[in-house]
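These protein sequences, in sequence, are chains A and B. Counting with my numbering, you get residues 1 to 763 for the letters of the first sequence. Counting with my numbering, you get residues 1 to 164 for the letters of the second sequence.
Honestly, the hints are just simulated from the structure, not real lab data. The beta-carbon is built from N, C-alpha and C at its ideal position, and this holds for glycine as well. A hint or two may mislead.
Said to hold, decoys possible - Simulated pairs of lysine-lysine, BS3-like, Cα-Cα distance not exceeding 27 angstroms:
#1 A:9 / B:101
#2 B:66 / B:101
#3 A:302 / A:392
#4 B:66 / B:160
#5 A:122 / A:142
#6 A:650 / A:392
#7 B:138 / A:640
#8 A:124 / A:142
#9 A:392 / A:406
#10 A:302 / A:398
#11 A:9 / B:160
#12 A:92 / A:142
#13 A:513 / A:226
#14 A:640 / B:160
#15 A:122 / A:78
#16 A:295 / A:406
#17 B:138 / A:633
#18 A:398 / A:718
#19 B:160 / A:641
#20 B:138 / A:641
As the list claims (entries may be wrong) - Computed list of chain B residues with no C-beta within reach of chain A, every gap over 10 angstroms:
#21 131
#22 159
#23 164
What the hints assert, rightly or not - Example chain B residues on the side facing chain A (calculated, C-beta under 7 angstroms, incomplete):
#24 58
#25 87
#26 100
#27 103
#28 138
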Amino acid sequence: MEKLSYVGKSLPRKDALIKVTGAAQYADDREFAGLLHAAAVRSPRPRIKILSISDTAARRVPGYVTLVTYKDIKGVNKWPVVLQDYPFLPEKEARFAGETVALVVAGTARAARKAAALVEVKYKELPFLEDPLKALEKGALKIYGKDNIFSSFVIKRGSVDEAFKKAAFTVEGEFSTNYQVHAYLETQGAIALPEAGGGMTVHSTTQCPFYVLDAVAAALGIPYHKVKILQTVTGGGFGGKEDVPALVASHAALCAAKTGRPVKLIYGRKEDFQSMSKRHPGWARVAYAADKNGKLTACRVKYVLDGGAYSTLSPIVLWRGTVHAAGPYKIANVDIKTYAAATNKVPCGAFRGFGQPQVCFAQESLIDELAEKVGMDPVQFRLRNILEPGDKTVTGQKLNSSCGLKEIIQTVRKRSGWDKKIGDRESGIGNQGDIVTGIGFSVTYYGVGLGAKGRYLDRAGALVNIYKDSSVGVNVGNTEMGQGALTVLAQIAAETLNAPYESVRVEEVDSSKVPDSGPTVASRTTLMSGNAIIEAATPIRERIFKTACDMLISMGAGASQKMTAHGGLFYMGGKTVDFKRVVAECWFRRHKMSEQGWYAAPRTTFKMEDGQGDAYVIYSYSADAAEVEVDLKTGVARVKKIWAAYDVGKIVNPRLAVAQAQGGLLQGMSWALYENLVYKNGIMVNPNFTDYVMATTADKPEYDITFIEKPYAEGPYKAKGMGEVPLIGVAPAVANAIKNACGARVNSVPLLPEKIWNELKKI
Amino acid sequence: MSESKSNAGLSVFALKCAVNGERTEREICSSRSLIEFIRGDLGLKGTKEGCGEGECGACMVLVDGKAVNSCLMMAVQLHGKELVTIEGIKGKGGGLHPLQKSFMTEGAVQCGFCTPGLIVASEALLRRNPGATLEDIKLELTGNLCRCTGYEKVLSAVEKARGK
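Please take these sequences and the hints and turn them into a complete structure.
Set out below in structure tokens:
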């Protein structure tokens with residue numbers, strides 16, 4: 001294989017310069033002539049019947065323009081997400097505190113906010129549901145369908161009851177996890193500009209411009225070709241800018257359509273907390289059975305997610321959680337039942353890990369408990385049961401050779417000094433007074449891409465366009481949100497074309513330039529857009545290479561020689577020509593220097609009835625060891641170091657991959673230890689960064705990160721997907737380390753000092 | 001202090017200050033916050049609003065060399081003072097500042113929304129304490145939230161820029 005010029009190298013980020021100088025234009029940084037500003041009027045209570053909405057008082061605010069309600073919707077008042085139960089604006093009933101019930105438009109943002117506060121919503125309070133487990137009880141108040149269930153899945157394999165009867169060892173436990181707020185530093189926002197002829201252009205901070213396209217076209221009742229979505233530089237997403245930017249953008253578009261003027265709608269932090277998506281609170285009861293040799297024989301899971309007031313992405317989040325609920329182990333008998341329940345709280349959706357971290361916390365905590373019962377080291381126990389190439393997952397999917405689970409476990413074991421530390425722990429080495437130290441382990445897998453439940457969306461397009469001056473423009477349908485997509489995709493384009501890396505520019509998404517490429521989620525961008533770029537670039541590459549060869553021959557290289565290409569140069573028989581000259585010659589010869597590419601993920605065979613079949617096209621893998629200190633006097637836990645190893649296929653840009661790992665690890669640690677969003681009587685108590693505590697520089701642990709690159713044949717340059725897998729296993733590794741340190745098994749995230757302290761008192 | 005009532009009855013203030021090294025005079029509404037003045041009146045959009053409550057540090061600017069959250073300060077408080085925003089952070093000779101260079105080379109930039117605030121806060125620290133230790137840097141930057149990087153590369157970027 002030819003040596004790679006760009007893929008596999010830590011090339012500089014394409015967008016770093018504009019970001020360090022403050023020149024990058026995020027949504028709120030864009031200005032337009034005649035711009036108006038919108039602000040939302042929000043429901044004050046968990047569930048209300050709307051009697052009337054009046055702007056009489058609001059009209060007195062200088063600069064006031066108009067009120068926008070559901071009556072202004074010319075299209076269909078149904079936001080097109082999965083189940084379509086969420087109206088753009090409510091007509092009779094608002095279902096959670098913070099839901100947008102109307103919008104106000106004014107000359108300045110400050111005037112719009114002031115006027116919104118003066119809009120009078122007359123309402124009658126309705127009884128509401130807060131607890132997802134109570135929502136599933138018979139006789140519960142009904143707020144969705146006949147049973148308050150948005151979605152439910154099963155995985156059935158073998159004979160679970162029998163396996164539990166025969167088992168030498170069994171464990172069972174109940175675990176719960178709280179919300180996680182994305183806390184992207186840039187809040188949600190959009191600007192909508194009415195176009196002549198009834199069209200609408202929308203600038204949106206979003207992971208999913210095509211979801212925005214679907215929603216704006218639906219809300220305005222106009223065809224897609226009159227709507228254009230331009231993704232702005234996006235200040236963080238983590239899943240929080242998957243679905244909800246479509247709602248925000250539709251609201252801005254409704255205001256723009258009514259006023260005939262450009263309208264900007266930028267969220268404040270409090271309303272972003274109250275109304276935008278979150279990681280679902282999760283509840284799981286998990287049981288495992290093992291034989292006398294410590295081989296897992298059965299797993300039973302009941303898993304419930306708190307969906308909130310509307311279903312949004314709950315069905316897909318729940319499905320991913322279902323598929324991965326038993327962990328990356330060989331288990332012949334499995335019974336998994338999962339539910340997403342409706343409550344009158346903020347609708348939950350996508351967050352890095354997408355329904356996996358909640359159940360992974362339960363399942364990996366319990367694997368430690370089982371290892372202890374069996375009398376095995378937790379790492380040994382995992383190695384005995386771990387999936388290897390050729391093994392089948394609990395859905396019956398046979399894993400191919402791109403599975404480095406065993407190697408990543410061994411890597412983390414070795415690098416963390418696991419065996420010695422476990423020994424030290426038993427003899428109390430490392431403890432100082434009231435501060436005790438422990439180490440914990442976890443291992444996870446992550447299906448890359450949308451999988452069987454999202455298979456119709458799992459395709460992506462690309463446009464590769466080489467200009468006369470040899471600069472290369474690339475358009476894709478997946479987005480940069482901080483993870484480094486513009487850089488990694490430029491590396492892939494440069495590699496395929498043998499173009500200098502500096503000459504390639506990948507643009508933020510313009511929905512009119514590439515076909516619907518699905519969402520930027522599920523760690524799918526490198527795989528999907530990368531493959532689409534390769535497909536687009538390959539025919540151009542052939543033209544370029546043929547032309548280069550002709551030029552080198554005419555320069556005197558012997559025709560029998562073999563041409564090589566590297567780093568933007570072409571070599572043959574001692575002669576050299578560069579990309580720029582070759583492109584000029586291609587244009588002179590009137591070659592087509594622009595191509596569209598398309599990639600559709602291979603088919604998956606998973607059946608919803610029994611949960612059997614291939615669920616995802618490929619999996620990425622992670623193993624984590626966390627070293628944690630616990631203060632026995634206060635219950636405060638602090639993570640000192642995390643060792644992690646990943647198999648995410650070929651690494652396209654090592655520096656960016658390490659950055660993804662570090663960011664995911666800290667976000668996972670922060671969720672595990674600190675982040676605690678509180679509801680009381682259906683009202684969010686702490687919608688701000690003062691009372692919602694996240695990890696800062698002072699809490700940062702040391703990181704030790706290793707990649708084991710198991711090539712994926714279908715991936716672009718053998719890559720899989722990186723974005724999410726680092727977060728998933730952190731919480732159970734930390735919880736297992738706390739148990740190891742002080743004997744306290746805490747079954748609920750966040751692992752707050754008071755919970756640890758309470759468990760300590762029981763010992 | 002020069003204050004008068006405008007026609008609309010709002011209190012107008014004649015603000016004199018230096019902005020990124022240039023003397024500036026503006027008539028502003030006295031209820032204007034510093035971030036509104038920077039982003040709205042001056043059109044300097046590099047300063048970001050992340051929370052509006054002084055918790056995230058994305059809006060940090062230098063006022064007389066000290067890092068402040070511009071969402072927590074009124075514009076009138078800038079009177080007679082010197083403001084430096086991310087647009088005014090420059091290296092010797094007007095090129096990139098060492099912090100900007102090290103944030104790029106260390107890979108401390110991801111979504112970038114917190115980056116201007118982090119660079120401003122780090123600059124204030126290194127001006128005050130050119131020999132700041134890793135612990136000093138960690139402590140100083142606890143007021144700047146970043147949700148992407150896990151902070152490791154941010155800290156190493158500030159260490160790299162130290163003494164340059």
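Going down the list of hints, with the structure as the test:
1. A:9 / B:101: At roughly 19 angstroms apart (the allowed maximum being 27 angstroms), residue 101 of chain B and residue 9 of chain A satisfy the hint.
2. B:66 / B:101: Within the cut-off at roughly 22 angstroms; holds.
3. A:302 / A:392: OK: residue 302 of chain A and residue 392 of chain A at ~22 angstroms, within 27 angstroms.
4. B:66 / B:160: Roughly 21 angstroms between the alpha carbons, so the hint for residue 66 of chain B and residue 160 of chain B holds.
5. A:122 / A:142: The hint holds at about 24 angstroms.
6. A:650 / A:392: holds, 23 angstroms
7. B:138 / A:640: Holds: residue 138 of chain B and residue 640 of chain A sit about 15 angstroms apart, inside 27 angstroms.
8. A:124 / A:142: holds, 18 angstroms
9. A:392 / A:406: holds, 15 angstroms
10. A:302 / A:398: holds, 24 angstroms
11. A:9 / B:160: This hinted pair holds, its Cα atoms lying about 21 angstroms apart.
12. A:92 / A:142: holds, 17 angstroms
13. A:513 / A:226: holds, 13 angstroms
14. A:640 / B:160: The given pair, whose Cα atoms are some 23 angstroms apart, holds under the 27 angstroms limit.
15. A:122 / A:78: Holds, at about 23 angstroms.
16. A:295 / A:406: Roughly 16 angstroms separates the two Cα atoms, so the pair holds.
17. B:138 / A:633: holds, 26 angstroms
18. A:398 / A:718: Measuring from Cα to Cα gives roughly 19 angstroms; hence the hint holds.
19. B:160 / A:641: holds, 22 angstroms
20. B:138 / A:641: holds, 16 angstroms
21. 131: holds, 18 angstroms
22. 159: Given a closest Cβ separation of 12 angstroms, the condition holds.
23. 164: holds, 15 angstroms
24. 58: holds, 5 angstroms
25. 87: Interface hint status for residue 87 of chain B: holds (5 angstroms vs cutoff 7 angstroms).
26. 100: Holds: closest Cβ of chain A sits about 4 angstroms from residue 100 of chain B, inside 7 angstroms.
27. 103: Constraint on residue 103 of chain B satisfied, holds at 5 angstroms.
28. 138: holds, 5 angstroms
Figure legend: structure checked against the earlier numbered hints; every hint is met.
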